[in-house]
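Engineer: For reference, the chains in residue letters:
Number of protein chains: 2
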Amino acid sequence: MGRWPEFVQIKEVGPRDGLQNEKNRVATADKISWINMLSDSGVPEIEYSSFVHPKWVPQLSDAHEVGKKIKRNPNVRYSALVPNRKGLELALEAGIDGASVFMSASETHNKKNINKSIGETYPILGEVIKDAKRAGKLVTGYVSTVFDCPYEGRIRPDDVIRVCDQLMEDGVDDLSLGDTIGTAVPSQVEALLEELLKRYPKDKLIMHFHDTRGMAIANIMTSMEYGISRFDSSIGGLGGCPYAPGASGNVATNDVLYLLNGLGIKTGIEEKKIQEAALFIQNKLGKSLPSKSLAYAVAQG
Amino acid sequence: MGRWPEFVQIKEVGPRDGLQNEKNRVATADKISWINMLSDSGVPEIEYSSFVHPKWVPQLSDAHEVGKKIKRNPNVRYSALVPNRKGLELALEAGIDGASVFMSASETHNKKNINKSIGETYPILGEVIKDAKRAGKLVTGYVSTVFDCPYEGRIRPDDVIRVCDQLMEDGVDDLSLGDTIGTAVPSQVEALLEELLKRYPKDKLIMHFHDTRGMAIANIMTSMEYGISRFDSSIGGLGGCPYAPGASGNVATNDVLYLLNGLGIKTGIEEKKIQEAALFIQNKLGKSLPSKSLAYAVAQG
Chain A
1 MGRWPEFVQI
11 KEVGPRDGLQ
21 NEKNRVATAD
31 KISWINMLSD
41 SGVPEIEYSS
51 FVHPKWVPQL
61 SDAHEVGKKI
71 KRNPNVRYSA
81 LVPNRKGLEL
91 ALEAGIDGAS
101 VFMSASETHN
111 KKNINKSIGE
121 TYPILGEVIK
131 DAKRAGKLVT
141 GYVSTVFDCP
151 YEGRIRPDDV
161 IRVCDQLMED
171 GVDDLSLGDT
181 IGTAVPSQVE
191 ALLEELLKRY
201 PKDKLIMHFH
211 DTRGMAIANI
221 MTSMEYGISR
231 FDSSIGGLGG
241 CPYAPGASGN
251 VATNDVLYLL
261 NGLGIKTGIE
271 EKKIQEAALF
281 IQNKLGKSLP
291 SKSLAYAVAQ
301 G
Chain B
1 MGRWPEFVQI
11 KEVGPRDGLQ
21 NEKNRVATAD
31 KISWINMLSD
41 SGVPEIEYSS
51 FVHPKWVPQL
61 SDAHEVGKKI
71 KRNPNVRYSA
81 LVPNRKGLEL
91 ALEAGIDGAS
101 VFMSASETHN
111 KKNINKSIGE
121 TYPILGEVIK
131 DAKRAGKLVT
141 GYVSTVFDCP
151 YEGRIRPDDV
161 IRVCDQLMED
171 GVDDLSLGDT
181 IGTAVPSQVE
191 ALLEELLKRY
201 PKDKLIMHFH
211 DTRGMAIANI
221 MTSMEYGISR
231 FDSSIGGLGG
241 CPYAPGASGN
251 VATNDVLYLL
261 NGLGIKTGIE
271 EKKIQEAALF
281 IQNKLGKSLP
291 SKSLAYAVAQ
301 G
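Line by line, the protein sequences are chains A and B. First residue of the first sequence: 1, per full-length UniProt numbering; consecutive thereafter. First residue of the second sequence: 1, per full-length UniProt numbering; consecutive thereafter.
Simulated from the structure, these hints should not be mistaken for lab results. Do not take every clue at face value.
[Claimed, not checked] Cross-link-like lysine-lysine pairs, in silico, DSS-like; alpha carbons within 30 Å at most: (1) A:K284 to B:K23; (2) A:K204 to A:K284; (3) B:K287 to A:K23; (4) B:K284 to A:K23.
[Stated by the list, open to error] Sample of chain B residues with no beta-carbon within 12 Å of chain A, all distances over it, derived: (5) N24; (6) S33; (7) D97; (8) S187; (9) G214; (10) G227; (11) K284; (12) G286.
In this text, all values refer to a predicted model and were calculated from it rather than measured experimentally. Using N, Cα and C, we set each Cβ at its ideal position, and we do this for glycine too.
Full structure from sequences and hints, please.
Structural biologist: Shown next as structure tokens:
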């Protein structure tokens with residue numbers, strides 16, 4: 001047991017990464033009630049929305065209103081995804097403790113996702129990072145497709161390191177490494193972490209697993225064996241895979257909590273409240289979420 | 001990578017443990033076609049049915065006919081579940097290479113499941129084991145609820161060892177250790193394997209995980225770190241949890257293969273054929289099976 005962290009810090013990304021991959025829209029008022037439930041669960045950080053242009057993510061076009069109206073719990077860090085200076089301005093107006101910038105380790109994925117080459121993306125994110133830091137906000141750098149890319153296949157750790165190095169140089173506080181299409185197995189996690197941990201302290205690294213092939217919990221175990229203690233997850237496994245509609249997306253907060261509680265690792269989160277919040281949004285979306293421990297709880301009644 | 005086995009032996013239990021937990025019946029002819037597909041996939045062992053009285057498992061009341069009519073691949077070991085001498089006789093008539101006997105590490109679960117105390121169960125299984133060995137068959141001893149019991153809660157490794165010792169003394173060739181309700185997390189797997197591996201060689205131990213809370217793949221990873229290289233799994237995650245209808249059951253062969261292939265561990269199984277067989281039975285049952293990698297493949301089209 002000594003080799004696992006004593007405390008794991010979970011960032012709830014359901015309101016952002018989850019909802020942006022759901023076809024069905026959730027009413028703004030419901031989102032606000034739901035985020036308030038999450039705020040009350042003990043989770044230390046919530047990514048509450050995205051300030052990407054609504055044309056790209058219509059599900060989150062109410063980011064500003066949501067940011068204005070949610071009840072802020074002083075023990076929760078509220079963050080949002082911001083693509084550029086304009087997005088950051090809106091986010092600052094709506095209220096954020098942290099800004100998340102994003103790009104891909106894969107040239108092709110970056111191009112398809114944000115319509116720019118990796119080289120063209122750096123200065124844009126660099127500006128956002130500078131402005132956000134000047135405004136006193138924490139900045140997380142999301143790096144997508146750190147294991148595999150839907151267009152390029154296997155991504156080499158060197159390509160990931162190049163992007164991470166630049167983001168760190170530009171001033172991000174931490175890095176969230178995304179298994180965007182949920183293909184990784186533990187040996188890939190090991191290979192990447194071996195390299196990254198030579199360069200960055202482990203508390204700068206957040207692992208962001210998708211559970212598209214059911215590997216996420218095993219990948220979290222492996223990450224914890226490397227001392228990683230920060231993970232992104234989505235309540236109920238909300239969200240999906242944009243490359244395979246119908247497949248599952250982010251690892252479920254519920255399943256991560258089941259694992260961590262079972263291992264005796266503290267999170268500060270009340271499992272029951274997470275379950276209630278998962279049932280709430282499952283109801284609003286009118287579909288069963290993919291979390292197996294949630295499905296079990298529902299089946300149990 | 002050195003610490004994981006080079007080869008993993010999978011026993012496909014979908015036709016038995018999977019189907020016995022599905023409400024919908026599958027026609028005998030379909031079962032036979034499906035088992036023939038499985039026989040052709042490279043899987044080294046198939047538990048093709050159960051010779052428990054049809055009153056208890058009506059879904060498998062055609063065990064005898066199935067055993068008679070499936071096409072035997074000489075590279076596959078065909079086994080069946082047998083509860084007693086009568087069941088063994090029928091199984092031998094239908095044709096088996098191996099017999100699986102079963103009992104629980106939990107007194108209450110054993111009583112509820114087979115209507116006898118643990119002490120009363122030993123002599124019955126002892127007879128079956130003796131007869132099966134005399135007939136030249138391999139015998140596997142299933143031990144259920146080795147981690148947690150739906151009635152008694154946490155089960156101590158000592159209680160598991162007591163049952164394992166007796167079954168080994170009675171002559172089983174190997175032991176399959178069941179996380180019957182799919183509650184275990186890796187620390188529980190470690191605690192049990194630490195004790196069992198002091199007593200039995202690792203190739204005598206088979207781990208039988210259910211994925212009811214989504215922990216099975218992580219538990220398999222942990223087992224492999226202890227040198228375990230034999231696992232039971234069910235195609236597509238077929239089957240369910242008798243204690244929570246609607247929840248998932250056996251770990252999916254598809255997900256296990258995704259993991260093992262990703263880690264570079266050999267199984268001799270063709271993933272594509274397993275996928276085809278999973279889609280076949282999914283169709284016959286008219287419901288989506290819980291395997292995430294299967295759902296991904298289906299979504300991909």
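Engineer: Going back to the hint list, which numbers does this structure go against?
Structural biologist: 2, 8 and 9
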